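There are 2 protein chains.
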Amino acid sequence: MTDINLKKQPAAPGSGEVDRRTADAPEDGIPRDLPYDMMELLFFAYRDFTADADELLTEFGFGRAHHRVLHFVDRNPGIMVTDLLSILGITKQSLGRVLKQLVDLDFIEQQPGPIDRRQRLLYTTPKGHDLATRLMAVQTIRLERAFGEIAPEASTLVRQFLFQMINAETRPDVARLINKKYRPVMPAGRF
Amino acid sequence: MTDINLKKQPAAPGSGEVDRRTADAPEDGIPRDLPYDMMELLFFAYRDFTADADELLTEFGFGRAHHRVLHFVDRNPGIMVTDLLSILGITKQSLGRVLKQLVDLDFIEQQPGPIDRRQRLLYTTPKGHDLATRLMAVQTIRLERAFGEIAPEASTLVRQFLFQMINAETRPDVARLINKKYRPVMPAGRF
DNA sequence: AGTTTATGTCAGTCATATTGACTTGTTTCT
DNA sequence: AGAAACAAGTCAATATGACTGACATAAACT
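Heads up: the protein sequence lines correspond to chains A and B, in order. Numbering follows UniProt numbering, in which position 179 of the first sequence is assigned residue number 179; successive positions increment by one, without gaps. Numbering follows UniProt numbering, in which position 119 of the second sequence is assigned residue number 119; successive positions increment by one, without gaps.
Where hints are given, some of them may not hold.
[Unchecked claim] Chain A is nowhere near these chain B residues, computed Cβ spacing over 10 Å in every case:
| hint | residue |
| --- | --- |
| 1 | GLN93 |
| 2 | GLU109 |
| 3 | GLN110 |
| 4 | ALA154 |
[To be verified] Just so you have them, the derived chain A footprint on chain B, three or more residues with Cβ under 8 Å:
| hint | region |
| --- | --- |
| 5 | 62 to 70 |
| 6 | 128 to 139 |
In case anyone wonders, no lab produced these hints; they're calculated from the structure. For clarity, every value in this text was computed on a predicted model and none was experimentally measured. Backbone N, C-alpha and C define an ideal beta-carbon position, used for all residues, glycine too.
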């Protein structure tokens, strides 16, 4: 669907990558020349990207942690706490505080699992879904604007690039996570 | 050189962007469909990207704040504190702590400005330059590996994409900042 | 019955950021 | 020369988001 999985363009050895300042890594593992520009672009781009959402979030007294929780709960209705923890890569205690706030302020609701009653399955309330959508919207606008300025094939390549930047071990999990539209209740695979 | 500035591919209205799930924003400003996959890829990719450096940094008892300071000082030898602050977008107090540590531990040294003696121009020491280089190296490896898996033209498009993601007002500043190789002493423009 | 799992909670800590106010030099402007 | 602006540093107080380790409870699995 989103074809982020394609791999290994033939890529004649020593050919491609003409425009990059950085060549292949030599024996000592330290590349001869370093892509300073790409690094700095990543830094500035990501910072401005997250700033859009941050602005909206502060109106509600929330931070980035709330955003992430809200996002993944909205995207995975009925997700259990454990799975959310493994997606976010944080500890129970860190999640606890922000999740409690989101529940107390009626952005997220918890329902006991119908099969396993130990679980507190998480769902966004209408209010929570609305905020999640608005957060997506402000960030989408920046994304759309950026892609609107460059070649049409860019979005495919950027997707492939981002996917390849993820740790190889977690790529299959991420692929499963993002390549689904909506499933009301999430199966409990290790995220 | 790195041609991130090119703009406005002709892009016949309504044509391009075939593979994106997201269409243009309608009147209410909220896009009809939202690029969840791209958002999540950005999150996971950036997280893993920064994790490489974090690992190295903790060996020295440093955090991400130290990384950023070290990086921009190494890249802009002789930079003054004010310019560093405006690049990083943080306050004097936040910088103060990490900068002091970097100076005390001999990763960065300060020299009074030869013309304006109010300034404390910043330089990395050999030790500091070495760490900065190693940090670049670990992150470069991930970057190279990612680009090695996808089409050769990807790096150009990714650069363009990242550049367009930056706030329009700061793009010229960023372009100046990244498009220079090495100038021993930095002119003091508003970053 | 005993173990594992899902969740929550307590207490303490750390890193990074914030704001506002104030000081000390130094330079620049009138 | 004197005032204003600027570069840098510092103080105190605060907030956020993360961490660790330990412990508690209920439910489920074997």
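Okay, the hints, checked on the actual structure:
no.	hint	verdict
1	GLN93	holds, 19 Å
2	GLU109	holds, 21 Å
3	GLN110	holds, 23 Å
4	ALA154	violated, 4 Å
5	62 to 70	violated (count 1)
6	128 to 139	holds (count 5)
Checked against the numbered hints given earlier, this structure breaks hints 4, 5; the rest are met.
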